[in-house]
Every structure is written in structure tokens, then in C-alpha cells.
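Asks: Each chain is listed here by its residues.
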Amino acid sequence: MNDEELAGAIHDFAPAPPTPTEFAALLAVLRYQVRRPSEVRVALQQRRRDWISHLQSAALLVAAQSRVLGWGFWASSAAVAVLAGLAFTQTSLTHRFIVYVAGPLLAYLAVVFGFRAERARVIEYEFACPPSPRQLTLARLGLILGYQAAVGLCLSVLLSGADVAAMPTAVVLWLAPLLLGVGATLGLSFAMPTLRAATIVYVVWLTLLALCARTGLDANLISPAALALTLGAGAIALAVGIIFLPRHVPALLGHREPF
Amino acid sequence: MEALSNGDASSLDELVLRYQAPLLGFFYRALAGHRATAADLVQDTFIRVLRTRSYRPGRPFRPWLFAIAANVLRSHRHAATRVPSSAGDELLDAAVDPRPGPEASAADAAFTRQVGAAIASLPEEYRVTLLLRFGADLSLAEIAATLEVPLGTVKSRLFEGTRRLRELLGNLA
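Chains as they are written, first to last, in my numbering: chain A, 38 to 296; chain B, 223 to 395.
If you're looking for bench data, these hints aren't it; they were derived computationally from the structure. Keep in mind the model is a prediction, meaning the values are calculated, not measured. Note that beta-carbon positions come from the ideal geometry of N, C-alpha and C, so glycine has one too. A few of these clues could be false.
As the list claims (entries may be wrong) - Selected chain A positions facing chain B (Cβ under 7 Å, derived; list incomplete): (1) A44; (2) D49; (3) A51.
Stated by the list, open to error - Simulated pairs of lysine to aspartate or glutamate, DMTMM-like, Cα-Cα distance not exceeding 25 Å: (4) B:K377 <-> A:E59; (5) B:K377 <-> A:E42; (6) B:K377 <-> B:E364; (7) B:K377 <-> A:D49.
The shape of chain A in the complex, shown without the other chains (with noise of 0.2 Å):
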């Protein structure tokens, strides 16, 4: 037998084509696999060049965004932020500390919202939307971010009686835990699951307090020295973060898979 018979013969040792049953079937199973574009994608590739039309365009994937993040999100934050806004208003110290405990709880929720990828399947959780991940990925920081530390802000000066000697104090006291919780959330996402991460950042964060406040450290905590602390720590730990998304997105939004 030479070798264009024996290719003759493997080729010949065939299968039945695919009947229409088979190939429907199997469309079937695979519909379900293929990923769906998420509204914020659709949004994004509707994009103009007019500027109406741009600012159209922003105004639909802000909204886009927003809605993705579902109204458990909002509704949840405002609480939060309601009742550390409430304690705020009292001068005792015991009641800045619980701004202190609501601050990275923000941040919690916030990761837990923002970066709910295996859930949501949308294609811009994935490596494939227009503009780069880390843009994506930093507007809807940003969009969580703001939002939380605005609610928080407006509500404490609001409730402190719109005192202007006092905003500064408010500021730092909402940011600072706020920023230190999403910056180490993110730094150990790179090695953990995003959760996971703002699990372990939250708890160790309480248990910090706890045992502050056990010890009779809890003034020492919220000083300004602390306070600047906490803030400077914060913004770095974000900062680095940011720097070095691109490379760690896929980890970070729960994928497994090599892009």
C-alpha cells in the first residue's frame, strides 16, 4: 500500500456528516456559552462624533454603567452612609469611629458590586471592550468611588449644620478608611479573588478598630497624625493599584482563563 492509498483510506474511515438534529442540538448548547453584549458595550459602540451626540453617548453609558450596578447597590451605600452620617453629627468620639467602621465598609460593597463579572457575563467584564479594560475599570471606580464619598459628604455636612471649620475634618474621615479599603482590596486582588480580597481587607480592618479600641488606642486612631496616615496610605495603595491593573484585570474580575 503506498502512502496516497493509505491517505485514501484514512480519509475514507468518515463519520455520517452531521444530520440538522445534530447541528441544532449543538447550536443549541452553544447559544447558551456565547456571551452576551452588556448595555454598557452597546453604549459605548454607538459612540458619534458630534459633540451632541458625544455628550449623548456619555449621558447613556453613565446610565449604563449605573444600571449595571444594580439598585441593591445604591440603596445599600445610601444606608451606609445615612447612618455614619447620622453618627458623625455627635462630637463623642465613639461615634467618628463608627464613620471610621462605615468608610471601608463602602469600599466593601463597592467591590462587591463593581466587580461582579462571573455573575453579570457581560462582555465588558471581559478583555473585549472598545476603549482599553483599565478604562472601563477605572470610570466605574470612579462612579463608585464618587458616588460613596459624595453621599457621605453632603450627608455629614449637611447634619453638622453646614459648618465650614469642620468639612475638613469630614472629608478625611470618609476618605481616608474609604481609599485605604479599595487600595488594599485591590493590591490583594492581584493574588486572590476579588471578594475574597475585600472580605479579608474588611475584617482585618473591624479587628484593627476592635482591638484599638479595647487597648484605649482608639483617640490615638482617628488623630490627625492617624488620620494623615490612613489617607497617605490609602491613596499610595490605590495609586499602585491603578498602575498595575492592566496586567492583573483578568484576575481581578474573577477570570481564570489565560487572555
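Put chain B on the given structure of chain A with help from the hints.
Replies: Here is chain B on its own, set in the frame of chain A:
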């Protein structure tokens, strides 16, 4: 594939229409004519294609697809050596298509079955190389890209695989 990764579900029909039969042929030949198992592996391959993000636009699609198919086949073999096939699987294969295929109606059906058995008895590297060349009609360069081996290795595997297959068929005859 690009359209599919952009969320265009309609391109899935085209993808399946174009590659279901070649993939089925590849697995069918590699599994000595077990059509039902081959169909399952075709489905596994497509699912892996949809899930993986390693395809780069502009890269030849067929070698990439058959590289995934070869991995699916390897995983199946690996699992089969660890877990003996269940009676249910065998029954299913028998119920769906007990014969090797349309070749059963041909005059040389017995010989074709022997070819299937001989291919199945070849070592993995020779079997896959032969099937990619003569079953899937991939060029030598495409096979090298699929298996991620040098072109010289593909040639030597083809030569040795052909020699062994000829020998096996000679013994069977």
C-alpha cells in the same frame, strides 16, 4: 471568530456549519469510530473555543481550532485511562451508531474498520499528526502550528506514523 467575540451570536451558526463536520471526522477517526463520543468531544471543543480568549485576530483559525481539538482529545484519553468507560457510554455508542458509519455500506467496509482500529492503536503523537494531515487536510506548516512543534518533527512523525500504520494494516491483512 472576531464577530463572535464581539457578541454577534449569528456568527456562531456559520462557525458550527463550517467546522462541525471536520471536527467530527477528526474525533471519529481518533476514537476508532465511536460516533457519539466524537460528537460529545466536538461539543466540548466548541465550548472551549467560546470560553477561551487566546485567539488573536489575523492568526490562522484552523490550526488554532485543531490545537484545541487535540487538547480535548488528550484530556479525553487521559480521563479514559484513569476512569474505565461506563456501561452507559458503551450502550449509548452502540445505540446511536453501532457501525463505523456510511462506510459500512461500502464493499470494503471490513478494511475500513481495520483502518480505524489500526489508527486507534497508534501512539498519540503519530495518530494526531496523521489525522490532521489526511483527515483534516491541514498543511504541514498548519500541523506544526497546531501541535506547536517544529516542521521537521511533523515530517518525521508523518513518516514514522505512515510506516507504522502500513505495518499494522499489513499485519491485519
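Asks: Confirm or reject each hint.
Replies: Taking the hints in turn, this is what the structure says about them:
1. A44: Because about 4 Å separates A44 of chain A from the closest Cβ in chain B, which is inside the 7 Å limit, the hint holds.
2. D49: This interface hint holds because 6 Å falls under the 7 Å limit.
3. A51: A51 of chain A check passes; min Cβ-Cβ to chain B is 5 Å, inside 7 Å.
4. B:K377 <-> A:E59: Since the Cα atoms of K377 of chain B and E59 of chain A sit roughly 36 Å apart, the hinted pair is violated (cutoff 25 Å).
5. B:K377 <-> A:E42: Holds, because 18 Å separates the two Cα atoms, which is no more than 25 Å.
6. B:K377 <-> B:E364: Given that 25 Å is the threshold and the Cα spacing comes to 12 Å, the pair holds.
7. B:K377 <-> A:D49: holds, 22 Å
Violated hint for the displayed structure: number 4, the only one.
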